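Number of protein chains: 2
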Amino acid sequence: MSKVVVAVDCMGGDHGPEVTVPSALAAVDADSDLSIVLVGLSDAVSGALKAAGRKESERLRVLHAPEVVTMDEAPAGALRNKKKSSMRVAINLVKSGEAHACISAGNTGALMATSRFVLKTLSGIERPAIGGVLPTMKGRTYMLDLGANVDCTPMQLLQFGIMGASLAGALDHIDSPSVGLLNIGVEDIKGNDTVKQAAELLRASGLNFYGNVEGDDIYKGTVDVIVCDGFVGNVALKTSEGLAQMLGGMLRREVERTWLTRLSCLSALPVMKSFKRSVDHRRYNGASLLGLHGVVVKSHGSADSFAFGFALRRAVEEVRSGLSARIGERVNELQRGAA
Amino acid sequence: MSKVVVAVDCMGGDHGPEVTVPSALAAVDADSDLSIVLVGLSDAVSGALKAAGRKESERLRVLHAPEVVTMDEAPAGALRNKKKSSMRVAINLVKSGEAHACISAGNTGALMATSRFVLKTLSGIERPAIGGVLPTMKGRTYMLDLGANVDCTPMQLLQFGIMGASLAGALDHIDSPSVGLLNIGVEDIKGNDTVKQAAELLRASGLNFYGNVEGDDIYKGTVDVIVCDGFVGNVALKTSEGLAQMLGGMLRREVERTWLTRLSCLSALPVMKSFKRSVDHRRYNGASLLGLHGVVVKSHGSADSFAFGFALRRAVEEVRSGLSARIGERVNELQRGAA
Numbered sequence: 027m028s029k030v031v032v033a034v035d036c037m038g039g040d041h042g043p044e045v046t047v048p049s050a051l052a053a054v055d056a057d058s059d060l061s062i063v064l065v066g067l068s069d070a071v072s073g074a075l076k077a078a079g080r081k082e083s084e085r086l087r088v089l090h091a092p093e094v095v096t097m098d099e100a101p102a103g104a105l106r107n108k109k110k111s112s113m114r115v116a117i118n119l120v121k122s123g124e125a126h127a128c129i130s131a132g133n134t135g136a137l138m139a140t141s142r143f144v145l146k147t148l149s150g151i152e153r154p155a156i157g158g159v160l161p162t163m164k165g166r167t168y169m170l171d172l173g174a175n176v177d178c179t180p181m182q183l184l185q186f187g188i189m190g191a192s193l194a195g196a197l198d199h200i201d202s203p204s205v206g207l208l209n210i211g212v213e214d215i216k217g218n219d220t221v222k223q224a225a226e227l228l229r230a231s232g233l234n235f236y237g238n239v240e241g242d243d244i245y246k247g248t249v250d251v252i253v254c255d256g257f258v259g260n261v262a263l264k265t266s267e268g269l270a271q272m273l274g275g276m277l278r279r280e281v282e283r284t285w286l287t288r289l290s291c292l293s294a295l296p297v298m299k300s301f302k303r304s305v306d307h308r309r310y311n312g313a314s315l316l317g318l319h320g321v322v323v324k325s326h327g328s329a330d331s332f333a334f335g336f337a338l339r340r341a342v343e344e345v346r347s348g349l350s351a352r353i354g355e356r357v358n359e360l361q362r363g364a365a
Numbered sequence: 027m028s029k030v031v032v033a034v035d036c037m038g039g040d041h042g043p044e045v046t047v048p049s050a051l052a053a054v055d056a057d058s059d060l061s062i063v064l065v066g067l068s069d070a071v072s073g074a075l076k077a078a079g080r081k082e083s084e085r086l087r088v089l090h091a092p093e094v095v096t097m098d099e100a101p102a103g104a105l106r107n108k109k110k111s112s113m114r115v116a117i118n119l120v121k122s123g124e125a126h127a128c129i130s131a132g133n134t135g136a137l138m139a140t141s142r143f144v145l146k147t148l149s150g151i152e153r154p155a156i157g158g159v160l161p162t163m164k165g166r167t168y169m170l171d172l173g174a175n176v177d178c179t180p181m182q183l184l185q186f187g188i189m190g191a192s193l194a195g196a197l198d199h200i201d202s203p204s205v206g207l208l209n210i211g212v213e214d215i216k217g218n219d220t221v222k223q224a225a226e227l228l229r230a231s232g233l234n235f236y237g238n239v240e241g242d243d244i245y246k247g248t249v250d251v252i253v254c255d256g257f258v259g260n261v262a263l264k265t266s267e268g269l270a271q272m273l274g275g276m277l278r279r280e281v282e283r284t285w286l287t288r289l290s291c292l293s294a295l296p297v298m299k300s301f302k303r304s305v306d307h308r309r310y311n312g313a314s315l316l317g318l319h320g321v322v323v324k325s326h327g328s329a330d331s332f333a334f335g336f337a338l339r340r341a342v343e344e345v346r347s348g349l350s351a352r353i354g355e356r357v358n359e360l361q362r363g364a365a
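For the protein sequence lines, the chains are A and B, in the order given.
Counting in my numbering, the first sequence runs from 27 upward without gaps.
Counting in my numbering, the second sequence runs from 27 upward without gaps.
Chain A on its own, in the form it takes in the complex (with noise of 0.2 Å):
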């Protein structure tokens, strides 16, 4: 497989090295193509490395940044501020040719702000989107946007199509990725001016357009990809999780009731493990910054190191599917066909 260097923002997330850089040893461990550098307070990110037992190497790289991007930090008091954080220093490796990807599970709109100031926008998209992916009935399916952008024109959503679809094309060798538009509704009279707008440009565009589709299709999994502005995206993916964590307890509370139904529950326990795996979110950690001249990978900020991994592993493949030119591409083709 080919090389790939990836810089790992070690102090983002709620537990910062002692997550990041198990979480990066394991990685290299299991991908000998795979070279990692560690990027971030070197006291803090050696420490972690010496607790692992390990050490520097050729494929492990140690480089101190002596700045740390806050959680609750305004995005735009990052950039202007923090030139020498983590997340930036990271960030410039991708810039410089030195990684091809960077990940971070630190503060999701510094991370976009950063990135878009320091790889700039592919040309041909207007704003770059968070696109993350989510299990389906059938599989899995990939929705943008999450977050990046509140307020969405009907060009802003085809672009996240073509995004989308080159993004569920590349990780999961879909040659014709089927995309739908998130609406309330399936009828064309549906939903608002900018959704109807955003229908017809995809209905154009030569994308698999399906058309659109509903909130429950998310996870039936009607769709390989799902084309939303950001803020309904932000709501349906927060919603999820809120749902998902209430059903969880609620499992929970019914089984440890009672010894009575403790004990009863005793033998379905291999089973209901296995249910418990067949839906960890963690499998599904990573969200990808889409639109960019490199690849970033933003994790969740409570990942654990199994979570994390998962979004390492995400900007990996990200960059052998050679994403960003795929998406480059696509936009080409679009303009071509559109002059």
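Please keep in mind that the hints were generated in silico from the structure rather than gathered at the bench.
Model, not experiment: these values are computed from the prediction.
Identical chains share a label here; the pair holds if one copy fits it or two copies do between them.
Below, simulated DMTMM-like cross-link-like pairs (lysine to aspartate or glutamate); rule was C-alpha separation at most 25 Å, straight line:
1. K302 - E282
2. K299 - D330
3. K246 - E282
4. K302 - D242
5. K81 - D57
6. K216 - D40
7. K222 - D98
8. K246 - D98
9. K76 - E93
10. K164 - D306
11. K121 - E82
12. K246 - E267
13. K222 - E99
14. K216 - D98
15. K222 - E152
16. K164 - E282
17. K216 - E99
18. K246 - D40
19. K246 - D330
20. K29 - E82
Go by the hints and put chain B onto chain A.
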């Protein structure tokens, strides 16, 4: 308890009289102060009555309506061309004062358009909204709008807050229900301009405004009432339906995978059933059309008679709690406050 008359659109929904009539029978049997007018094609309605071994009585009247609004009919078409539909006739009974409330499992758009045309919107309310109730980790929460209004002004979102607070106050007897504004972050700077301005209006309104909430707060039960535009609300609701279905399906699949997994889960069946009951969405069936002169409740189209009964009881509760008047008063208070 006070006497209540409910007009039931027997023809609406996926199942029609087969579901609506038995459900109405159970409701009158359980509440001696409730009378029901069964509106629909008299043959079909009388047939369903007969099948249940019952006949008309003082508290159970059949009213013939020769037309039926179909589920996929355009609201404007239904309003113009189906003046003798069961839906329209049922709403007319509320207008004339012969019924206190109307319930239908039929076409949502047609129900809203017809209710608005016949009953008129309360003074001070620009647009009626659809309010639903959802289970949470702490109890339940009311959410609106769930799909009537795809684009909303800040003022309309404020009015949704007033209506939602009235609904929670009326049904759950909460003195000053907390109201949250659905957004993509809790900080004031998050969201689009509409949401930011709505937050300012809500903060100055005298309502118990909690501030911004995120998608996962819906099921955490962070607030009593969640306000959002109908596009976002509809997507959040349907996404939840889809996720719950997927998780239920996956759990079933794990249990039924082999004879061994089935066997190992046998003793856990009571716990699983208890869990299923505690998350049974049928208990939350019934969305309220709010902001009208009169009570109108929409049942899910696919509701069975158990679910339809919950929506029917909701209508009765709304009448007994004087919901429409409560909303009117709150709007007036606010207008006086602003003047």
